[in-house]
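Residue numbers (the working numbering), protein chains in the order written: chain A, 1 to 258; chain B, 1 to 337.
No lab work stands behind these hints, which were simulated from the structure alone. Where hints are given, some of them may not hold.
Stated by the list, open to error - No farther apart than 20 Å at their CA atoms in a straight line, the calculated lysine to aspartate or glutamate pairs in the DMTMM-like style are these: (1) B:89 / A:98; (2) A:24 / B:147; (3) A:24 / B:143; (4) A:254 / B:30; (5) B:306 / B:294.
Single-letter residue listing:
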Amino acid sequence: MAGGRVDLVRAGFHLWVSMYRRSKAALLVTLLRTYLVLLFLAALSGGTSRHSLAAQALVSLLITTTIDSMWDMAGSLLTQRLTGVLTYAALAPRRLSEVVLLTYVPRYLAEAALKALSLAPVLIALDGLDGLVLLGVALALGLLGALPLAGIGLLVAMLTLLTREEAPWLDWLIPILLILSGALYPVTALPGVLRLVALLLPTTYLFQAADLLASGSELGRLPALFASLAATGTAAGAVAFSAAGRIEAHLYEKGGQL
Amino acid sequence: MLAVEVIELRKSYVTCRRRGLLRCEKQVVEALRGVSFTARRGEVLGILGPNGAGKSTLVKILATLLLPDSGTARIVGYDIVSEREEVRKHIGVMLSVERGFFLRLTGRENLKYFGMLYGLSGSQLERRVEEVLRAVGLARHADKLYEELSLGMKARLGIARALLTDPDVLILDEPTLGLDPVSARRVRSLIRDLAVSGGKTVLLTTHNMHEAESICDRVAILDEGRILAIDTVEELKRKVSDTAFLEIRVAGDYSGKLAAVLRGLDLHVTARSDGSAGRLSIPVSVHSIEETLEAVLHTLRQAGLKVRGVSVREPSLEDVFVKLASREVSPHGRREG
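With the sequences and hints as input, model every part of the structure.
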């Protein structure tokens, strides 16, 4: 079919390969980003043992492949609007949300792989082959966890288009998401209703899995957490994508920033 | 089948006028107030109007980027609302000369990206990108970064993108805005060629009268969301003004003779000296230019005067526009309707 989903993914691949060929600095920043977060985590925890460093490296990968996807998705859409590219992307014979999401997928996959690759030497040095296996598990978790978050990023970016402002919605949303998901405090410390909300958030399972990976204990719980993450992630992604579609329809009706 | 058929399109926007920090006074702005027209295959139709006339709203609706409040439009038979995806396969759009591309990609890379978005792939994509680059004369500059291209090249790259899917209808919003005269002329020539040789229907918005006059088969004059008139430039001129001027240059011993010679023609003639030549300016009805010219030339020759040059200055499109727009203004200075 002309203008099919595969074409959109291919277009995204072509776009980001071309971009990175021209922007070596962007490539370097992507590779170093995991080390910046690792440095931050090490400074926060104060632990510098081999085990804690390896754990923090895994958490760094999870953070940079999940939370970052929200920023990237929203940022990509807004950049395309500012450069006027979005108008012509909207002319593709598919939904705009699909175009934005699917052209972003190759960038996400490539960057996630690069980030994992950048940490591989550290994990091999600290934990040998076990480190590589854990890195693979963390990457798989990250890929799964990014699915709903990219959807939320898309939704936020579409909201920004609708309100005709560059309001920093994510500045508000991400801390709330982090608190509710138990990234900053245990979920058990939350009031009752918020604990229920936490159960519905895919990020809760993501951070629980990150805790397991970091502690190296109860790794047998990982498959269950994977399943919960996949289920809630698919649901959240579907809701976000559907809501983005409604906003898109509203944009066509009201003459938003296309 | 008509390439473009627009029937009673209407579109209003609600804008908010701030009154203090929290108060907002809503205002309804009618951007389009029942616009109807058609365009044939291979025709260049100019939508001429001042800023705020509704041109961009009309273009966005036809490009399926905005939904109308009421009315409808069909592009090669497909409805712009219910068959949006089909319409997109048959249109090529350029909404801005300078924006709409990735700055750090080359022209070729940008075209490939948009080609893929629009459903081209493999050898078909490669071939089409090369074809459109050649068509707009950018083959030699295709590997320059977009940010390194001149404004004229950017405009042509925009047209190249619009041509990627070999569409039946091109929708171009002010395609020469901000270009230098040479680049603008090149873009106009390209557009004209696409219609004449390529058989494309071109809808072109502009507020440049010269542009409309030079490349459009017909012109629709849009003001305050309404089409005031739509016709060929010649017909529009005839409709609003029936006076043209015959400008005649004569040489020889003309002083004192001209007025006497032409008195018999019962025409109001102004004559002035211009060095060794004289110039006559004769107002005539546009309906009788040929007959009057023949009579004047005959009389001048009989009087022994040598005619060095003849030109006809007809009312300009600008005259047409001003006259049509002023008709819409009531004696109190308010637009009617």
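Verification of the supplied hints:
The suggested pairing of residue 89 of chain B with residue 98 of chain A holds, with an alpha-carbon distance near 17 Å, which does not exceed 20 Å. Between residue 24 of chain A and residue 147 of chain B the CA atoms are separated by roughly 18 Å; this keeps the pair inside 20 Å, and the hint holds. For the suggested pair residue 24 of chain A and residue 143 of chain B, the alpha carbons sit about 19 Å apart, so the restraint of at most 20 Å is met. This hinted pair checks out: residue 254 of chain A and residue 30 of chain B have alpha carbons roughly 13 Å apart, not beyond 20 Å.
Only pairs whose Cα atoms come within 20 Å are accepted, and residue 306 of chain B paired with residue 294 of chain B is accepted, the gap being roughly 14 Å.
Violation of the numbered hints given earlier is absent; every hint is satisfied by the structure.
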